[in-house]
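Chains A and B supply the protein sequences, listed in that same order. All letters in the first sequence, in the order written, are residues 25 to 261 by our numbering. All letters in the second sequence, in the order written, are residues 25 to 746 by our numbering.
Hints are computed from structural coordinates only; laboratory data are not their basis. The model shown is predicted, which means the values in this text are computed figures rather than measured ones. Check the hints yourself; a few may be wrong.
Covered stretches of chain B (in silico footprint by chain A; criterion: 3 or more residues with CB under 8 Å from a CB of chain A, positions within the stretch not fixed) [stated by the list, open to error]:
# : stretch
1 : 49 to 59
2 : 120 to 133
Here are the computed distance ranges between Cβ atoms for each label pair [stated by the list, open to error]:
#  : chain 1 : residue 1 : chain 2 : residue 2 : range
3  : A       : 179       : B       : 57        : 28 to 34 Å
4  : A       : 201       : B       : 110       : 14 to 20 Å
5  : A       : 61        : B       : 139       : 33 to 39 Å
6  : A       : 212       : B       : 55        : 22 to 28 Å
7  : B       : 152       : A       : 143       : 39 to 45 Å
8  : B       : 113       : A       : 139       : 29 to 35 Å
9  : B       : 46        : A       : 100       : 28 to 34 Å
10 : B       : 631       : A       : 143       : 46 to 52 Å
11 : B       : 723       : A       : 212       : 44 to 50 Å
12 : A       : 212       : B       : 57        : 24 to 30 Å
13 : A       : 158       : B       : 241       : 52 to 58 Å
14 : B       : 55        : A       : 182       : 23 to 29 Å
15 : B       : 661       : A       : 126       : 54 to 60 Å
We treat Cβ as the ideally placed atom computed from N, Cα and C, and that holds for glycine.
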Amino acid sequence: MRAITIARRELAGYFRSPIAYVALAVFLLISGYMFQDDFRPGEPVGMRAIFEQMVWLLVFIVPILSMGLIAQEWATGTIETMMTAPLGETEVVMGKFLGGLFFFLVLLAPTLLYLALLFVYGHPDLGPIVSGYLGIVLVGGLFISIGLFCSSLTRSQVVAAVASAALLFIITIVPAFAADNASLGTFSSKLVEQGVLAHYRDFSRGVIDTGGVIFFVACTGVFLFFTIKVLESRRWQ
Amino acid sequence: MPDPATNPAAPPATTQRARWIKYGANVVLSCVVVVLLAGLLIYLGETGKRRFDMTRGGTFSLKPQTLNVIRNLKSPIKLVSLYSHKTNDPELQAAQSDRCQAVEDLLNEYKTNGRNIEVDFVDPLSNLSKKDALIAEVSQKYGGEVKRYRAFLDSYGAQYDKIKALSDAESKLVAELPLNDVKSNDLQVTLATIIDTVRSFPPQLDEQKDAIDRTLKQKLPDYRGAVSEISDAMEQLSARLAAIEDKLAKTKDSPDVPPAIKTYFDGALPRYDQLKKLADGLVGSAKNLGELKLDSLRQSLRDDSILVLGDDDLRVIGSDQVWSLDPRAVKQAANETGSGEQLKPSFAGEQMLTTAIFALTQPKKQRIVFVRPGGGPLTDPGLLGLAQAGGGPFSEIAQRLQSYNFDVQEKDLSGQYAMQAQMRGMPVPPEPTDAELADAIWVVLAFPTSQQPDQGPPPVTGARLADHLKAGGSALVFPFLKESSISEPLHQWGIDVATDAVAVHVSPPESDVQGGNQLDRLRRVPYIFDIRDYGDHPITRPLRSLASLLFPILPVTVASTPPQGITVTPIIPVPTAPQSLLSFGKRNLDDPNADAKYDPSTDIPAPFFAGAAAEKQGAGRLVVLSCGEEGQNDMLDYQDPEMAQRRLVVPAFPANAELFCNSIFWLAHLEPMLAISPAAMEVSRVADMSNATQWMWRFVVLGGLPLLVLVAGMSVYFARRD
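One chain only, chain B, in its complex shape:
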């Protein structure tokens, strides 16, 4: 290296420190650049990432319906899993772990694929700090209602003091009444009852106050519980006071009542009235408080639930909504059969979550009104919510629509059911007002109200439907056989329904008659069709290849040149030859199970359809589904027999419910919701093996393999040593 001392042109010698600074700075700078580049790469990777679901059944792929909803969320949604990994029953631990895992996976998918979605996992049994934080968050977010409840409870104190003071005073007064001066035994008993009742007020009020105080002292105060207790106590008090007033009114003028007691009763009636008014006032205030979100949280913390928290409302999805079978029920079934075989629950988590998110993000509830020409309610849930216990035939689809945040009501055009109910002293179901009816989507069940068309009052369904559509309303119409009043309003939209014919197909060849499962035998019946292609319309496109059971189908055709301003599309083509058995619209069908023979003079030739969808420019929409049994409970509840043999709970005709709901979504201009709902999932499991086999493999895996490796290592060691 040239010496700067002897060669002035040579560069000056660098010290070690200078070299370190020069090269060190270079290293630091390059490291910082690399880290930043890596960070940028990771950020870009996260932003534009693609996910490939490698599972066979697309377990971690959300359905298009869900993606449509969660990718366009404008307001934030938080999903909280409250599933606990622990369970008291060791035999149910594995099932519980599976359930927790499935829910966690699902929530993570929502977070990954959605916009504005936050996810959290809180185990209420083991993660107490998170549970407390959740309670605080919910209390603060939905605190408005808690304030109302708190205000009521705060004001109750003063009211309670008044009621207590009045009842204490009355109790003292009645204690001094000369009951022994009453000669008549009956009167004595009556008066004694009154006196005992009044004297019991103060201790009962004290007991109730203690109970309310205990309720409020819980970590998550049960405001709703406290208000319910107050309301119940005051209702009880009011009822007893009313009974006392009634008895007093009847007995106070009796000549057998001693003067002292009569004087007391004359003065007491206004005081009892005042006491009753105080109690009634509290009851009325309690009823006006409305729903309390905190109570929903309290319920969800008790059981496995999923909380969906929106901006100003929350939904609780219980485990019974997500899992069709409770693990305890599965275990019980296995114990009863004794075979060890277990029923497998279906998982409806995605369906319930998407529904809840959708409901929370809609600004206003769309109203749906089931319009019927007469008869009993169609959407009544029945006793305890069981359609089998007196519920209406459309109760399940109505519940489903309610879960989608639709407001479902009914209208009886004849008004007769309400009159009959009133005469029998039964509660009359509320019906929408005319304004509400005009604004709603109608579901018209146009069934005949009389077996003899020329008897009974003329049907009004058609006329009312025509008015509704003319005013810009939308409707889903189910025409029925022998009810022709709706033909004209539908014709004005370019849709023609043959209400005097039923679509049938010829009998299958003899060779095809034998064998097959239950559903195959059902589809051989002339008026039952196996339809998998539902046509090309937004309502029906997502349903392709889904199974359905649609009958009886009334032939529907559409005008080749529809009325001006109306676009009409036929849907659900009825299969016919050559792709399928020859079908036609059979008039004069006396025996539905008889072999169908085509009569060219009267019958309607194919092709025709089982429905149509029409849209009027600047006005409403209309969907016609000419298969009256389509959305009824029986169709929705029918289980797939093959899956049932494998102990899986899967609906046999999923397209029935989807067709109904999609029609409603389309009528309500909710196109993003038009897709297949999530289906049940199936998991393959490790086969049974004997204990000996299990232990053998355990030995191989835990002992054999590691031992083999150690032996190999020792061989190499000794070989190298030598």
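Next up, chain A with everything else stripped away, as it sits in the complex:
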């Protein structure tokens, strides 16, 4: 319950911050541009193109949203208040994570307008759209957990943003390009198959793969655990 309180506070904080609005506007601008690929007369009615491309956009947007989750607390000095409050590190981290995730859902909400347009001008199949949104939320959750982890490692928000963007780049974009390389060995190929896009691909097509769900949930859990450990380490340092 205390985690929910922290989440609500974080969410409110997002709406007070100009950076969140800028990030939201940029996200809508770029995703709107991507939507043009789906919203052309004669194109299959669906949001597959936008779902596939959105992940690339999130690699750069999510670090901006998550960079201040913990780093800002360090910079403003409110970390001491937070650490001395009767709250466990787990509750703090979960609260921060949920706050980021809720704002991420707010970020996605305007894209429902695209869905409404597709209903007006076609007969979209709802199944793939539901699975697409589920996939994006799972990817968003993973990215936020990574952003939160990077934010916990430094006092500087910029460093946190850059670090998480780099990490997201490595796990998302690099395997996608490496998959086109003909000279990968078996081990490398297997490693490339563990990239985010490889697990996300089915969701964007309209298939909910329980293996993919477990992958995203497990990886999110790992990074949240790391974040908790980082915060705990502050106490005994």
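With chain A held as given, fit chain B onto it using these hints.
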């Protein structure tokens, strides 16, 4: 904290370093454990995963037939998409992207659901490194044949030198012949022709050698092309030498030939013969080289294709096999109609892929022989593979069976067609030997060979069928009206077919006669039935609710106590009252379109069936389908009129082909193949809208929404500042 200096019982003070090591080690250990647990969870999630296809039409769900095949693969299969995302025509780019996406999705499904399946995507136009790697892989894997071709091409060099040396020598000799000493004009022309021909050999050989060298210097050497060029060149040389020898033989003894020329010709004939033997030898060696897999790869790299690579063979699935309509044809049709409406192609990717994988993983080809009592071939593909251009009525089903890796042949029991063909100088189609016939699955078309049963030679179909079944063979039998010789062999298996009756139904009520589509009107004809329930047998279970057109149906019944050791199951129950219109077996049917009236004294009462399947313990199997038109091209080609109006190419009677193929699969003990073949898919598309509307929505999406968010942000900023 107690001071260890004053209180010896107190624990010693820890330094910061020791604390870091203690707590740090704990953190590292716990992180490692968590990562391992997460890895284990992910691994278990991958191994035991479930997939839920959320699409309306199950687009990403492979059919049971496919799953049966790919889940039990014992040898590795690699699927390679060679579809290019780029196209030269910008108007076709969207269609090309759709096609690429559909193929990629399909291949990913095979990889996810199959065992021992690897998948790769190579864009031959933009992904050159992968293309080269693929060429190297195919060359190495199927290199055995390349070695044969290379050996032939290497040995050609020495043969070419011999041929060139001989033709050079002859060319020099004929150049010195005194042609002006020939008095007769005709003889002069003949000799001049011979001399010119011989003199043209060396430059032509040089040209051909250059062409062959250019062919071999390509990045993917065209060995087959080079061998074809050699073979063509040598065939040409041999034909010209034969013509020269023939002319020489006729003219050399003419008294008008000068002695010098006569002496030359006497000595030249053996040399020409030697040259011809060299050329013929090369032609023979080239013919024995067999197929070259690398050539299949070369062809596939030119067009959008899917490669299926097995252990020792590969299949190329061209885009014309996967897509029923080429995008260029669609665009042309749209341009011609001028309405902008486009035809939509059907996608047969899963069917073709599964067929190819199945073919590659079968150890040996099962033989199927279409046995006919007489008449012309039934499975001949016709001119250019078009059944309409002189092909047999079963050519399409035969092609389909061949794509399933069956070896399809024909046997004319009368032997008359072959005799007539020989008399007309036409090629005689090869027939199986007796041993091959004994080992094959028979498809028996038991039609009468004469309009008058008491005239003409007695039918032998029944007797031959009986022998085949007695010897443990299996057969699919199509009885026909007025051909009763097969009744006895079928009766021995507990199956009775009334070859003198046709199943008909009474006319529908007057109120039902009006309206309906073309197919509804067809089904009101007395001897045409709308059958959707095909009975409970492995052959027919997967066909439930599929449409079929089966006529004319000869009533089939099965013995209540079949002969010992035989299990017989009736299939395809003919619908009758009360669920449907009253049906019966009509004898003495003079006018097929007349209203059918049941005559209890002669007609056969319902219920009866349109087929039966029987199995003898430790011996063969037998399927009877008493609907002679069942597997013919006309039935398979008939398009669904409703779908055609929506510009979709979908067969109207898919059960016809499936029933035939399932019967063959069951006879061949290929039960895993018994399921519905993949069907065409339909995609809903964004409706047309005017440019103004499109721009309006573009403005709202690209400008309106982000602007709204920025305005909200600025409001909050100014409000907080105040």
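message = Given a hint of 28 to 34 Å, does the C-beta separation of residue 179 of chain A and residue 57 of chain B actually sit inside it?
response = holds, 29 Å
inquiry  = Between the beta carbons of residue 212 of chain A and residue 55 of chain B, is the distance compatible with 22 to 28 Å?
reply    = Between residue 212 of chain A and residue 55 of chain B, where Cβ atoms are some 25 Å apart, the hint holds.
inquiry  = For the hint 14 to 20 Å, verify it against the beta carbon of residue 201 of chain A and that of residue 110 of chain B.
reply    = Distance hint for residue 201 of chain A, residue 110 of chain B holds at roughly 18 Å.
inquiry  = 29 to 35 Å was suggested as the range; check whether the CB atoms of residue 113 of chain B and residue 139 of chain A agree with it.
reply    = Holds - the Cβ-Cβ distance for residue 113 of chain B and residue 139 of chain A, about 32 Å, lies within 29 to 35 Å.
inquiry  = For the hint 39 to 45 Å, verify it against the beta carbon of residue 152 of chain B and that of residue 143 of chain A.
reply    = Check passed, 43 Å falls within 39 to 45 Å.
ask   = Quick one: are residue 46 of chain B and residue 100 of chain A within 28 to 34 Å, going by C-beta?
value = holds, 32 Å
query = Between residue 661 of chain B and residue 126 of chain A, is the Cβ distance one that fits in 54 to 60 Å?
reply = The hinted range 54 to 60 Å holds for residue 661 of chain B and residue 126 of chain A, with Cβ atoms some 59 Å apart.
ask   = Could one say that the CB atoms of residue 212 of chain A and residue 57 of chain B fall in the range 24 to 30 Å?
value = holds, 27 Å
Per-stretch coverage check for the stretch 49 to 59 of chain B, three Cβ contacts closer than 8 Å to chain A = holds (count 5)
ask   = If you check the beta carbons of residue 631 of chain B and residue 143 of chain A, does the distance land in 46 to 52 Å?
value = holds, 50 Å
request  = Starting from the range 44 to 50 Å, see whether the pair residue 723 of chain B and residue 212 of chain A falls in it by beta-carbon distance.
outcome  = For residue 212 of chain A against residue 723 of chain B, whose Cβ atoms are near 46 Å apart, the range 44 to 50 Å holds.
message = Range first: 52 to 58 Å. Now tell me if the beta carbons of residue 158 of chain A and residue 241 of chain B are that far apart.
response = holds, 55 Å
Violation of the numbered hints given earlier is absent; every hint is satisfied by the structure.
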